[in-house]
Amino acid sequence: AQKITQTQPGMFVQEKEAVTLDCTYDTSDQSYGLFWYKQPSSGEMIFLIYQGSYDEQNATEGRYSLNFQKARKSANLVISASQLGDSAMYFCAMRGLSNFGNEKLTFGTGTRLTIIP
Amino acid sequence: DTAVSQTPKYLVTQMGNDKSIKCEQNLGHDTMYWYKQDSKKFLKIMFSYNNKELIINETVPNRFSPKSPDKAHLNLHINSLELGDSAVYFCASSQDGSQETQYFGPGTRLLVL
Chain L
186 AQKITQTQPG MFVQEKEAVT LDCTYDTSDQ SYGLFWYKQP SSGEMIFLIY
236 QGSYDEQNAT EGRYSLNFQK ARKSANLVIS ASQLGDSAMY FCAMRGLSNF
286 GNEKLTFGTG TRLTIIP
Chain Z
26 DTAVSQTPKY LVTQMGNDKS IKCEQNLGHD TMYWYKQDSK KFLKIMFSYN
76 NKELIINETV PNRFSPKSPD KAHLNLHINS LELGDSAVYF CASSQDGSQE
126 TQYFGPGTRL LVL
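Residue numbers (the numbering used here), protein chains in the order written: chain L, 186 to 302; chain Z, 26 to 138.
Hints are not guaranteed to be accurate.
Below 30 Å or equal to it, Euclidean Cα-Cα: the simulated DSS-like pairs (lysine-lysine) are [to be verified]:
| hint | chain 1 | residue 1 | chain 2 | residue 2 |
| --- | --- | --- | --- | --- |
| 1 | L | 201 | Z | 92 |
| 2 | L | 188 | Z | 92 |
| 3 | Z | 69 | L | 255 |
To be clear, the hints were calculated from the coordinates, so they are not data collected in a lab.
Starting from the given sequences, assemble the full structure and let the hints guide the process.
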C-alpha cells in the first residue's frame, strides 16, 4: 500500500520569498510517480509538476521545482518568488498500484499555503 | 475549451434521494476516475474506468454506481443518499491510467440535508 505524508497543515510566507512544501512517501513499488496539485479557494484541482521514480533530474516547471530525494523518500515542492495567487491548498500525490494491480493516485492531506503581502 | 467538465457544480438534496453527477472529457483520454474529497479536504479515489471497463473499485458502498456510456463520459449515480455522502466529487482523466498525469474536473459540491 502507498502512503503520502504532508506534515505541514498550514504555512504563511511573505510575498516574493521562496517556500518549500514537504512531502514524504512510502511504497514498496519499484516504479512510481509523484505529483503536486494546487487547489485554490475556487475548488478546482490544478496539476503543477510530476516526477518519475526513475527520473535522474529533479522536475521543474516555471517557478515550481520538485526536490526529489529517493533515498529519503521525499518529494518536496519548492515555489520560488511566491505570489499572492499562490495562496491555496497543495496536495502531494503518488501514483502506484491498486489492490487490483492497476494504477491509482494516493493523495496526502494537503498543506494550506497563505502568501502575505 | 474545458478539458474535463462536470455537471452540476452544486447539488443540494434530501436524504434518501437518488442523484447523478455527469462527467465528460474532451482530451481523448482512455481512463477516467471519480474521487471524493471530504470536509477535511482528504481526496480518495472511488472508481476508475479504462475504455468503458471498470478497473478500480475501492471500498465504496453499493449505493454508488459508475456508468461509462463511452470513453469520454463517466457518470456517477448515487442511490439513497446519506448525510455522510456530503462532499466534493471530482472527475479526472488520463491517457492510459499508468504513465500519464491525471487532469481534474472542477468538482461537484454535494450537500445532503
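Comparing the hints with the structure gives:
Between residue 201 of chain L and residue 92 of chain Z the CA atoms are separated by roughly 46 Å; this puts the pair beyond 30 Å, and the hint is violated. Restraint check for residue 188 of chain L and residue 92 of chain Z: satisfied, since their Cα atoms lie roughly 29 Å apart, inside the 30 Å limit. With a C-alpha separation of about 24 Å, the suggested pair residue 69 of chain Z and residue 255 of chain L falls inside the 30 Å cut-off, and the hint holds.
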